[in-house]
Amino acid sequence: MPLLDTTAIRADFPVFEDRGLHFLDSAASSQKPRQVIEAMADFAAHGYANVNRGAYRLSVSATERYEAVRDKVAAFLGAGSSDEIVFVRGATTGINLLAHGWGSLRLRPDDRIIVTEMEHHANLVPWQMLARRTGARLEFIPLGEDHRLDLSGLDRLIDEDTKIVAVTGMSNVLGTIPPLDVILAAAREVGAFSIVDGAQLVPHQPVDVSTLGADALVFSAHKMCGPTGIGVLWARPERLEELEPIEYGGDMISTVTRYTATWAPIPQRFEAGTPPIIEAIGLGAAIDYVEKIGRQAIADHDTELTRYALDALGDVPELRIHGPVDTESRGGVISFTMADIHPHDLATILDQHGVAVRAGHHCAKPLLEILEVPATARASFYLYNTTEDIDALVEALRDAGEIFGVI
Amino acid sequence: MPLLDTTAIRADFPVFEDRGLHFLDSAASSQKPRQVIEAMADFAAHGYANVNRGAYRLSVSATERYEAVRDKVAAFLGAGSSDEIVFVRGATTGINLLAHGWGSLRLRPDDRIIVTEMEHHANLVPWQMLARRTGARLEFIPLGEDHRLDLSGLDRLIDEDTKIVAVTGMSNVLGTIPPLDVILAAAREVGAFSIVDGAQLVPHQPVDVSTLGADALVFSAHKMCGPTGIGVLWARPERLEELEPIEYGGDMISTVTRYTATWAPIPQRFEAGTPPIIEAIGLGAAIDYVEKIGRQAIADHDTELTRYALDALGDVPELRIHGPVDTESRGGVISFTMADIHPHDLATILDQHGVAVRAGHHCAKPLLEILEVPATARASFYLYNTTEDIDALVEALRDAGEIFGVI
Amino acid sequence: MALEELYRDVILDHYRNPRHRQPLEAPDRRAEGVNPLCGDEVTVELKMEGDRVVDVAVHGQGCSISQSSGSMMSEAIKGKTRAEIEAIAAKFHSMMTAEDETAAGLDPSRPGAVLGDLEALQGVRRYPVRIKCAALPWTTLEEALGPAG
Amino acid sequence: MALEELYRDVILDHYRNPRHRQPLEAPDRRAEGVNPLCGDEVTVELKMEGDRVVDVAVHGQGCSISQSSGSMMSEAIKGKTRAEIEAIAAKFHSMMTAEDETAAGLDPSRPGAVLGDLEALQGVRRYPVRIKCAALPWTTLEEALGPAG
Ligand SMILES: Cc1ncc(COP(=O)(O)O)c(C=O)c1O
Ligand SMILES: Cc1ncc(COP(=O)(O)O)c(C=O)c1O
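Residue numbers (the numbering used here), protein chains in the order written: chain D, 26 to 432; chain F, 26 to 432; chain Y, 269 to 417; chain G, 269 to 417.
None of these hints come from the bench; they were simulated from the model.
Being a predicted model, the structure only gives us computed values, none of them experimental.
Any given hint could turn out to be false.
Derived DEER-like restraints, expressed as beta-carbon distance ranges [claimed, not checked]:
#1 371(G) to 103(D): 30 to 36 Å
#2 427(D) to 376(Y): 23 to 29 Å
#3 43(F) to 210(D): 50 to 56 Å
#4 67(F) to 108(D): 33 to 39 Å
#5 213(F) to 157(D): 30 to 36 Å
#6 300(G) to 72(F): 38 to 44 Å
#7 431(D) to 313(F): 32 to 38 Å
#8 414(G) to 316(D): 50 to 56 Å
#9 394(Y) to 420(D): 43 to 49 Å
#10 325(D) to 43(F): 26 to 32 Å
#11 316(D) to 67(F): 55 to 61 Å
#12 235(F) to 397(D): 31 to 37 Å
#13 285(Y) to 235(F): 36 to 42 Å
#14 290(Y) to 67(F): 48 to 54 Å
With the C-beta cut set under 7 Å, the calculated list includes, among others, these residues of chain D facing chain F [unchecked claim]:
#15 75
#16 103
#17 106
#18 107
#19 108
#20 253
#21 381
Even for Gly, the Cβ is constructed at its ideal location relative to N, Cα and C.
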């Protein structure tokens, strides 16, 4: 039923040589195909040197390969130019850069920052702290009954005082994909800086910033078959012009005297110090990998698995799903609880069945507050998952129900 | 003459399968041994999952391996506890964290920040900007005639108003190793926060923070046979207690409500978001590699090569060395210029001989101002270099002299 | 799959029917513990008479391991002196880290003889990530008791 | 090793004896260019009469390639109209990026016939990292001239 040739794909991922592993935690971080692992190892072995300012061939070619990944990312996102691509450590770092480098300078008391009730801490705590520093007010687009956003009050929330609208592209707890077009249009109308936390979205769906309507987008390589240690901040050139660098050091300066410094052009200005060079090569290989399979195909595959899982989980007694129970505007992330079994206990039992799920607050405590659960277990799908993984999940859940005597 | 078995060592570094490569740019970044490359590839292939909060075995073992590297770093540095080790993106990020997270909150107008005239921009520009934000004054321990620091005015520079003393452990331009003990003792006397930029020092010398006398030390893995994308901030527990986190997001919080958050214990508090997990494994392997060879042996090897090079370069007509011309308190970094040949032209010619050196301002523009040169060429040594590399350098320099008609 | 070894009935019983859960009116000592990795929470409240814990409350939220451990702990320490409690805690910790029952100082032929219900938690030993769950009430108790003096 | 191809005598001559180095008294136009990667600097000053560059100064600091390119450029553009300069610049850029002399529109049998001394810079083509050095004076000139109008 799923659309991808998972047999071929799984053969690319060495971790699945362990046949008993049902890895359902890609929302935390994805596994890595050998194409990515080998590209990094090969570059580290034979092509490595520090980038920029190098006058010898090894360094020149390393610089070219590093910069070629910037071009690749720009093309991948539909950006107008590679200069709109800033390499950062990850989604978290990208959001913090925007909060410190734009928000701190521009927000005034009683300005508004709008987020949603389903943000990851990475797209919440930086805005809380920005609000505290500047006196701006943080407000929330609420969650509706259906585990989707309730946009009925959007006009009141996003008004002339609204300076920043930061919204997740896909909830890492519920799987919900918000109606970005509506929210971003409202932000544009009032001239607010609009930011999409693409950590969950970009690895799983085609995203084209030329039509997205956002001012900025962040994502991490490690959730998209790529390495840890690198992520991307894309922003419109006008917004990057407004952004002040917050990390200072080598490679981000134009001139330095004893007491003053001026900044290098964008995007280097935001990349102080030796960048994650080997990781950039890995990100390039990850994009190649994902593009070869096709982002739409991945999205469709996610959807099919989600449909299958919602169905199968619906038959498990005492199981409660937290999130939309259809596949409309949702990704392959399913949170659940089962009777009074604590999610950590669930996860331990599932683990004994080879089923890897995450349990906890998923870095979204205020959302779990609303869901009125201290924790959930979460299964999430990616291009290498199969319906067998879901069957194993369901069987393990039944075992958990029996061990705890709830079914 | 050098003390290390470079034949065996070079066999560990795949890049040297290119026999014609004389890599003399380790001060910018070192090459990577297969032990490091393979450890990372193997972990990415078979041991990878996101760390923390994982309730399944793969994630638990990834977390344990990640945290074991923290222990390894603590032992490597002689730290009292693993809780004193913060993983950062690199030396630059570590220094910026201290400037923002400690300096911004604690400095008052007319407080003093002391650096030296031979700092890398990474240990200069963050302090310039901190001075600007807080009204504190930035002052410099001057360079003496002998390309070493002139400490004669130290008493006046480091006084009760001095709140931060940030000094390089080894100049990345001159090779000079400052008398850290004297400077750090002066800082301690007045209660200033003392910081050693160990980017060049730690990879090349035994460094033991239990006797160093500093409050904090930073270094990057990539200059020490390790990967890009990770570095270390060590600081005394009391100082880490005083430090505010500056990046907010997952894994660094204890509780989060809609409008407030409290921080996780140290050091997690300073590590927002998914950390450089694969890179940490690489750093662990790099430490193993360096420790197997021995840091004192590496330092001695550097010294022998430096002695040989200073000798050989001394015989090249028209060549001028910028930095100490003996091996006393200096590392294996030699900057030079030759007659009116621009360093970039030198580097291009050397590159044609397979000799990789860096040319430019080496991210130390104020120092080059003092040296009265806009740029230098720089050769730097590491555990895989041999006297043949230096012979090739000298021969290439003679060729350059001939092409430019200066010798 | 030794899951039955982990989730013994007595654990599930304490999880579902925690003892001494009712907060004390005016506790002499109180401490809150959190496992930052999983979010489990435990609060320990003590009523002291001299060196003796005359009443105790343990409440919180979290997995069956942390909560049952807290419940069992409350039974084990009530009425005991600090010295007696320290001895129990030491036995408990060695049970969590020991190789097997005998090494842990338990008596395999007489289950429960040494640590009572707490012995049911020894299966946790095989699940290193859960040991912190079992230990949480105990570290919180330690904090509540404070240094001897 | 085609280093002699790169560092031709005429380049070294311009490097050491740069033409039109003396800053102008009251330039009509001026621009400063920096190559952020290597730090090379070039300043271009122009004295205009209508569309024509009647006097020029080029000074700066950097490698033999950027500085000789500036010096040669100053000779090539002095007295020329904007349109003529644009034509020279176009030829120069195609020389830098072309596959070989013929593709670059040069005449291999008559060195210097098309671009004068500037043709000596064609060896730079084989050193991609240095092309930016050669181009720096030209991009700075473009900035000094500003958009046509
Ligand atoms: C002395 C010194 N400090 C700091 C740095 C910055 O290190 P990184 O670029 O890895 O952050 C370097 C390396 O370039 C250096 O040589
Ligand atoms: C929605 C969302 N935003 C942000 C993040 C943070 O990403 P990272 O930890 O890679 O910085 C995550 C991942 O945990 C996420 O799921």
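Results of checking the hints against the structure:
1. 371(G) to 103(D): 30 to 36 Å: holds, 34 Å
2. 427(D) to 376(Y): 23 to 29 Å: Given about 27 Å between the Cβ atoms, the range holds.
3. 43(F) to 210(D): 50 to 56 Å: Hint holds: Cβ distance 55 Å, inside 50 to 56 Å.
4. 67(F) to 108(D): 33 to 39 Å: With a Cβ separation near 37 Å, residue 67(F) and residue 108(D) satisfy 33 to 39 Å, so the hint holds.
5. 213(F) to 157(D): 30 to 36 Å: holds, 34 Å
6. 300(G) to 72(F): 38 to 44 Å: violated, 53 Å
7. 431(D) to 313(F): 32 to 38 Å: Once the Cβ atoms are compared, 48 Å apart, the range 32 to 38 Å for residue 313(F) and residue 431(D) is violated.
8. 414(G) to 316(D): 50 to 56 Å: Because 41 Å falls outside the window, the suggested range is violated.
9. 394(Y) to 420(D): 43 to 49 Å: Violated: the Cβ-Cβ distance is about 22 Å, outside 43 to 49 Å.
10. 325(D) to 43(F): 26 to 32 Å: Violated: the Cβ-Cβ distance is about 45 Å, outside 26 to 32 Å.
11. 316(D) to 67(F): 55 to 61 Å: With Cβ atoms ~26 Å apart, the hint is violated.
12. 235(F) to 397(D): 31 to 37 Å: violated, 50 Å
13. 285(Y) to 235(F): 36 to 42 Å: Since residue 285(Y) and residue 235(F) have Cβ atoms about 51 Å apart, the given range 36 to 42 Å is violated.
14. 290(Y) to 67(F): 48 to 54 Å: The hinted range 48 to 54 Å holds for residue 290(Y) and residue 67(F), with Cβ atoms some 53 Å apart.
15. 75: holds, 4 Å
16. 103: At 25 Å from the nearest chain F Cβ, residue 103(D) fails the 7 Å test, so the hint is violated.
17. 106: With Cβ-Cβ at 25 Å, over 7 Å, it is violated.
18. 107: Residue 107(D) check fails; min Cβ-Cβ to chain F is 20 Å, beyond 7 Å.
19. 108: violated, 21 Å
20. 253: Holds, about 5 Å.
21. 381: Given a least distance of 4 Å, the restraint on residue 381(D) holds.
Hint violations for this structure: numbers 6, 7, 8, 9, 10, 11, 12, 13, 16, 17, 18 and 19, all remaining hints satisfied.
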